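Based on the hints, put chains B, G and Z in the right spot on chain S.
Protein chains in written order, with the working numbering: chain S, 1 to 113; chain B, 1001 to 1113; chain G, 2001 to 2113; chain Z, 3001 to 3113.
Derived by calculation from the structure, the hints in this document are not laboratory data.
Watch out, some of these pointers could steer you wrong.
What the hints assert, rightly or not - Calculated pairs, PhoX-like style, for lysine-lysine (alpha carbon to alpha carbon, straight line, at most 25 Å):
id	chain 1	residue 1	chain 2	residue 2
1	S	Lys96	G	Lys2056
2	Z	Lys3077	Z	Lys3007
3	B	Lys1103	S	Lys7
Keep in mind the model is a prediction, meaning the values are calculated, not measured.
There are 4 protein chains.
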Amino acid sequence: MKDLRSKIAAFIDERDWEEFHSPKNLAMALSVEVAEIVEHFQWLTEEQSRNLPPEKLAEVREEIGDVMIYLSELAEKLGIDPMEAARAKLEINSAKYPANLVKGKAAKYTEYR
Amino acid sequence: MKDLRSKIAAFIDERDWEEFHSPKNLAMALSVEVAEIVEHFQWLTEEQSRNLPPEKLAEVREEIGDVMIYLSELAEKLGIDPMEAARAKLEINSAKYPANLVKGKAAKYTEYR
Amino acid sequence: MKDLRSKIAAFIDERDWEEFHSPKNLAMALSVEVAEIVEHFQWLTEEQSRNLPPEKLAEVREEIGDVMIYLSELAEKLGIDPMEAARAKLEINSAKYPANLVKGKAAKYTEYR
Amino acid sequence: MKDLRSKIAAFIDERDWEEFHSPKNLAMALSVEVAEIVEHFQWLTEEQSRNLPPEKLAEVREEIGDVMIYLSELAEKLGIDPMEAARAKLEINSAKYPANLVKGKAAKYTEYR
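Bound conformation, chain S alone (with noise of 0.2 Å):
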């Protein structure tokens, strides 16, 4: 992550894009580039999306990467260490769809309140 963090400084210090970079800009920019995932399953059945070939995974990647960019660059803006964020947003989430009234069923947590 850190090694990570530092090739993306480099990245936008050598292009002066820093003055573009606000949370603001940033959180759009990550909409966009999720949005570029989506864009490769959208018309594909869930059982195809488990399939891809391989040139389309190779492109899927690339957008992944893209994200894992924007969303460390975001992160970082706001002093915020995203793996760390996601731990404990684990415990947040564990307690909020408990294993025993969740089991097997999708829905948001407030249709088991």
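Below, chains B, G and Z alone, put in the same frame as chain S:
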């Protein structure tokens, strides 16, 4: 990353949610979580987005955690390491946006061809 | 459409929300509302998505209403009629995806070049 | 609206794309098209977003057309009239955000409870 992966796997396994986690569905869930980040920033100025009050920052941190969780889960299902994908994409981006051409400008790379 | 426009304008004016409604912010808000539609479908099969129970359908209807409101508001700010824009785009799409080439296939148009 | 609907229906029918157009898939496609609008605005200031140059405005107009097409198609599949849904939602929003409480403030309605 490995530690996070095994915690996510246990979380899903305890809830029997595996069947819902096709790459197609995970891409959708990822986009929904990113929108929850965007929602926090939509009416803020860029300046305000750089100076979030602590309560709001804590909420954004939770959403960043959720995005990291789903990104990690989607990548896992496709056999992709998101950190590796980010590093590889950063090299592609470096070639696509040569520093001397794009310095201080934010435009889609196609506009530089 | 005109009737809807004037109702939206009154709603915003009564709340002094004009200043927040830059096209940039409205694009963000539009993406957030669309994600609320996506959220309803993320864990459903395609088949289930064709057969929503009445309460869920009523919720999706509300989200579609919100998307229509923000789309209309964004278009208005840019001096665009969304219906006219849709008709014009449909003609562009007809040329881009010739029926004889794409029949029964869903792929990005570039794949047909 | 009716005229647009029949043109969209003919476009899809000529291409045998009906089978891909489950509400789930259309919700995904809608989110992808909205991201193409967001992409145009992500690095602009709010001020710049209010003053798009003509070529950029023409591109945004095309994306707004695509969003209107997919919104209309999704609504049709669910038996919903998007204009009616917008009018109904505007009344709900009026009750949810009372003008005297939210004047000049943009925050989620829950913050006013």
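Exercise for the section: Measure nothing beyond the straight line between the CA atoms of Lys3077/Z and Lys3007/Z; if it is 25 Å or shorter, mark the hint as holding. Expected result: With Cα atoms ~15 Å apart, Lys3077/Z and Lys3007/Z stay inside 25 Å; holds.
Handout entry: Proposed proximity, Lys7/S with Lys1103/B (alpha carbon, max 25 Å)
Key = 17 Å, holds
Problem - Straight-line alpha-carbon gap Lys96/S to Lys2056/G, limit 25 Å - result: Between Lys96/S and Lys2056/G the Cα gap is close to 22 Å, so the pair holds against 25 Å.
Comparing the model with each numbered hint stated earlier shows that all of them hold.
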